[in-house]
Amino acid sequence: MLTKKQLDLLEFIHTRLKRDGVPPSFDEMKDALDLRSKSGIHRLITALEERGFIRRLAHRARAIEIVKLPESMGGTPTAAGFQPKVIEGPHPSPAQPANLASDRIQLHARELPVMGKIAAGVPIEAISHVDHHVAVPGQMLTPGSSHYALEVKGDSMIDAGINDGDVVIISETTTADNGDIVVALVEDQEATLKKFHHNGTSIALEAANPAYETRVYPEDKVKVQGKLVGLIRTY
944 MLTKKQLDLL EFIHTRLKRD GVPPSFDEMK DALDLRSKSG IHRLITALEE RGFIRRLAHR
1004 ARAIEIVKLP ESMGGTPTAA GFQPKVIEGP HPSPAQPANL ASDRIQLHAR ELPVMGKIAA
1064 GVPIEAISHV DHHVAVPGQM LTPGSSHYAL EVKGDSMIDA GINDGDVVII SETTTADNGD
1124 IVVALVEDQE ATLKKFHHNG TSIALEAANP AYETRVYPED KVKVQGKLVG LIRTY
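So in the working numbering, spot 9 of the sequence shown is number 952, and the numbers just go up one at a time.
Hint data in this document are derived by calculation from the structure and do not stem from the laboratory.
The beta-carbon is built from N, C-alpha and C at its ideal position, and this holds for glycine as well.
Be aware that a few hints might be false.
What the hints assert, rightly or not - Derived SDA-like pairs (lysine to any residue); straight-line CA-CA distance at most 25 Å:
1) K1060 to N1121
2) K1011 to V1077
3) K1060 to D1131
4) K973 to L960
5) K1096 to H985
6) K961 to A990
7) K947 to A975
8) K1164 to S1145
9) K981 to V1010
10) K973 to D1102
11) K981 to T1116
12) K1011 to K1096
13) K1164 to R1176
14) K1164 to E1115
15) K1164 to N1121
16) K1060 to T1118
17) K948 to T958
18) K947 to R979
19) K1096 to T1177
20) K1060 to T1157
21) K981 to D1131
22) K947 to D974
23) K1166 to T1177
24) K1060 to E1156
25) K1060 to K1011
26) K973 to Q949
27) K961 to T989
28) K1096 to Y1160
29) K1096 to G1143
30) K961 to E971
31) K1060 to K961
32) K973 to Y1160
Claimed, not checked - Label-pair distances were calculated between CB atoms; the ranges are:
33) S980 to E1014: 24 to 32 Å
34) S1089 to D977: 24 to 32 Å
35) A990 to G1087: 35 to 43 Å
36) D1163 to K948: 29 to 37 Å
37) D1131 to E993: 39 to 47 Å
Let the sequences and hints guide you as you build the complete structure.
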């Protein structure tokens, strides 16, 4: 059974998905439900996810899929007129089946090293040691690339669906496109997880939380160490 606020949020997300094809932002959800802060929205979304009504694709910002609807909203996802919608994701469409042998390989989990903690806040000490290992679904990984995992410390990427304590999966690379979420090494000393923006001779590392300011560095002071491709959350 859903609370009134949970039902109101589910109805709002469903309406926006039907109208625009993408879910509303956290600010729009907060305003629609007349809440004072986005932390209340995060709690409602977590509750809806735990009850099986929505699913978050954590490797994409604002990625929310409606899995089912309560009877007051038309029943299950197979009810007439309802089709789950999700913003752009990495998986092939069911109408375009991938090679079955490749699918079997992708489904196998792989053990990745967890290289300590990464700051989703102010930069912390550079990562250089293996803390432990974590099993990662094969379909989360980029074919042909090396990967590692990091435990998130801080809340500066919370609006991108990345919470304190999450484990992020990183594909090793030294390049990134604007808007990518990357592991950035600052001045060869500090590592941080931020959105990447390259503008002329400077690089901006942008948080996904209005409480944190965007930090701008000369381009020779920032080295991309990898790009976010997945996330694992333990409840």
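Results for each hint:
no.: 1; hint: K1060 to N1121; result: holds, 24 Å
no.: 2; hint: K1011 to V1077; result: violated, 30 Å
no.: 3; hint: K1060 to D1131; result: holds, 16 Å
no.: 4; hint: K973 to L960; result: holds, 17 Å
no.: 5; hint: K1096 to H985; result: holds, 17 Å
no.: 6; hint: K961 to A990; result: holds, 22 Å
no.: 7; hint: K947 to A975; result: holds, 13 Å
no.: 8; hint: K1164 to S1145; result: holds, 9 Å
no.: 9; hint: K981 to V1010; result: holds, 23 Å
no.: 10; hint: K973 to D1102; result: holds, 12 Å
no.: 11; hint: K981 to T1116; result: violated, 33 Å
no.: 12; hint: K1011 to K1096; result: violated, 32 Å
no.: 13; hint: K1164 to R1176; result: violated, 32 Å
no.: 14; hint: K1164 to E1115; result: holds, 19 Å
no.: 15; hint: K1164 to N1121; result: holds, 17 Å
no.: 16; hint: K1060 to T1118; result: holds, 22 Å
no.: 17; hint: K948 to T958; result: holds, 15 Å
no.: 18; hint: K947 to R979; result: holds, 17 Å
no.: 19; hint: K1096 to T1177; result: holds, 14 Å
no.: 20; hint: K1060 to T1157; result: holds, 21 Å
no.: 21; hint: K981 to D1131; result: violated, 34 Å
no.: 22; hint: K947 to D974; result: holds, 16 Å
no.: 23; hint: K1166 to T1177; result: violated, 30 Å
no.: 24; hint: K1060 to E1156; result: holds, 21 Å
no.: 25; hint: K1060 to K1011; result: violated, 35 Å
no.: 26; hint: K973 to Q949; result: holds, 12 Å
no.: 27; hint: K961 to T989; result: holds, 21 Å
no.: 28; hint: K1096 to Y1160; result: holds, 22 Å
no.: 29; hint: K1096 to G1143; result: violated, 30 Å
no.: 30; hint: K961 to E971; result: holds, 16 Å
no.: 31; hint: K1060 to K961; result: violated, 39 Å
no.: 32; hint: K973 to Y1160; result: violated, 33 Å
no.: 33; hint: S980 to E1014: 24 to 32 Å; result: holds, 31 Å
no.: 34; hint: S1089 to D977: 24 to 32 Å; result: violated, 47 Å
no.: 35; hint: A990 to G1087: 35 to 43 Å; result: holds, 39 Å
no.: 36; hint: D1163 to K948: 29 to 37 Å; result: violated, 49 Å
no.: 37; hint: D1131 to E993: 39 to 47 Å; result: holds, 42 Å
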